[in-house]
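Given the sequences, and given the hints that come with them, work out the whole structure.
Same order as they appear, the protein sequences are chains A and B. Here the working numbering is used: the first residue of the first sequence is 9, the next is one more, and so on. Here the working numbering is used: the first residue of the second sequence is 589, the next is one more, and so on.
Everything labelled a hint here was simulated from the structure, so no lab data went into it. Please read all numbers here as calculations on a predicted model, not as lab measurements. It cannot be assumed that every hint is accurate.
[Unchecked claim] Okay, derived cross-link-like pairs now, DSBU-like style, lysine-lysine, Cα gap no bigger than 30 Å in a straight line:
no.: 1; chain 1: A; residue 1: 270; chain 2: B; residue 2: 635
no.: 2; chain 1: A; residue 1: 142; chain 2: A; residue 2: 174
no.: 3; chain 1: A; residue 1: 270; chain 2: B; residue 2: 671
no.: 4; chain 1: A; residue 1: 125; chain 2: B; residue 2: 632
no.: 5; chain 1: B; residue 1: 685; chain 2: A; residue 2: 125
no.: 6; chain 1: A; residue 1: 65; chain 2: B; residue 2: 671
no.: 7; chain 1: B; residue 1: 681; chain 2: A; residue 2: 113
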Amino acid sequence: MYRVKRCSLMGILGAMILIGSCTKTDTTTEVTGNWVSRSDFEGVTRSEGIAFTINDKAYVGSGYDGTNRLKDLWQYDPVQDFWLQRADMPGTARSSAVSFAINNKGYVGTGYDGLNKLQDFWEYNAASNSWTQKANFAGSARYDAVGFSILDKGYISTGYDGNYLKDIWEYNAATDTWTQKISMGGSKRSGALAFVYNNKAYLCTGTNNGSSTAINDLWVFDPAVEAGWTEKRKISNISDDTYDDAYAIVRNNAASFVMNDKAYITCGENGSVLSDTWEYDFSADVWTKKTAFEGVARTGAVAFSINNRGFVLTGRSSNTPFDDIREFFPSATYDVND
Amino acid sequence: MKSIIRVSIAIVFLATSFNCRNHSTSNTQDGNKKYAGIVAQTFKTGKGWGYEVFIDNKLFIKQSIIPVIEGNKAFARESDAIKVAELVVDKLKHRQKPIIRLDELQQLELVTK
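What follows is the structure, given as structure tokens:
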């Protein structure tokens, strides 16, 4: 059983941080959250894989196992906690692709096959367990882009095509067409994160020319607005206020998920492989450090959330094997034994 | 010792699986982690056969359809499900990922309806 900290305590701590932000006094916040191993075995681990969710199931596939690029696809049942291998993705085995789901279909495209940057784009029908090739991504062939969906549209942005990128393209599944939208105002980057909340996408972190330190901006993409992008506060310690004093969020190749009105960023790399975890409060535009990922620190991990349950799985580090999948309980007290 | 473990696992499965059969067991010790066993068993689906793989008595894979190929086909024969399940168990025992590849599936020459 997990001892859940009282919400009121969190509220008071949050209020203390907000009040403290005016006075530049040091505020010590107890780090909360607990990572629970769900299937403690190497399992279907991989780095640079893809994940999307359809009807309370997660789908994880492609990626790199340290030797080969992969084309397999697995379904994860978070309720019963088991895996089912599904139909291989057609096309070349790849890593660093992007994925999203629209109208109960999964979409996977772009990526890297070890030699070539890829531009092809595929639709997965979970009901029939089958793949269909769709119109090639209309931007340049690339890898380490981000993919996300908002309502009935999909989006691919940033990445690396030989140069670092910040363009964004919208996919209309009904017409199988791509439309370029206004590019992000921030830095060009690859290995970024995009997470969606209330029909807006939040894009941050990543790398440009081997450095993640300068990629400290956070941008919100709202497809309902013509201009598209607006910037939030920086995610590194650059203000005179205290709220960002402890920020160590910048990184490349991290994992993110959204649950219970908060976003979580974990793992990734910035000089070394990381395991620390950060919680983003959308309304306050504030990040709070949470219990570090309890598996082996890793980069290129995959994360997803289903019904307000967040999972992180797969990835790579200098150590193998990895355990398989961990669920994060952000309000629970850290327990070393689970 | 090994035979004792085998027998004990077999007893567990005699007690827990009625129509299903236990096909493969192993006992591995790797570094800090000790596994009670990697075990596969078949089960009947509406359309044929599937298999389950357990690690330490915890369900890990429940394969109700043939992996790798498109469509939702069950294994036509129990022996086909056993072949693939044993391959998965063998991979896990050798610390490999439990991924079945198309060429492996073809080598097993499954019966398709």
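Comparing the hints with the structure gives:
1. A:270 x B:635: Cα-Cα ~43 Å, so violated.
2. A:142 x A:174: holds, 23 Å
3. A:270 x B:671: Violated: residue 270 of chain A and residue 671 of chain B sit about 45 Å apart, past 30 Å.
4. A:125 x B:632: Outside the cut-off at roughly 43 Å; violated.
5. B:685 x A:125: holds, 26 Å
6. A:65 x B:671: Distance of about 27 Å is within 30 Å: holds.
7. B:681 x A:113: Since the Cα atoms of residue 681 of chain B and residue 113 of chain A sit roughly 35 Å apart, the hinted pair is violated (cutoff 30 Å).
Consistency with the previously given hints fails for numbers 1, 3, 4 and 7, ordered from lowest to highest.
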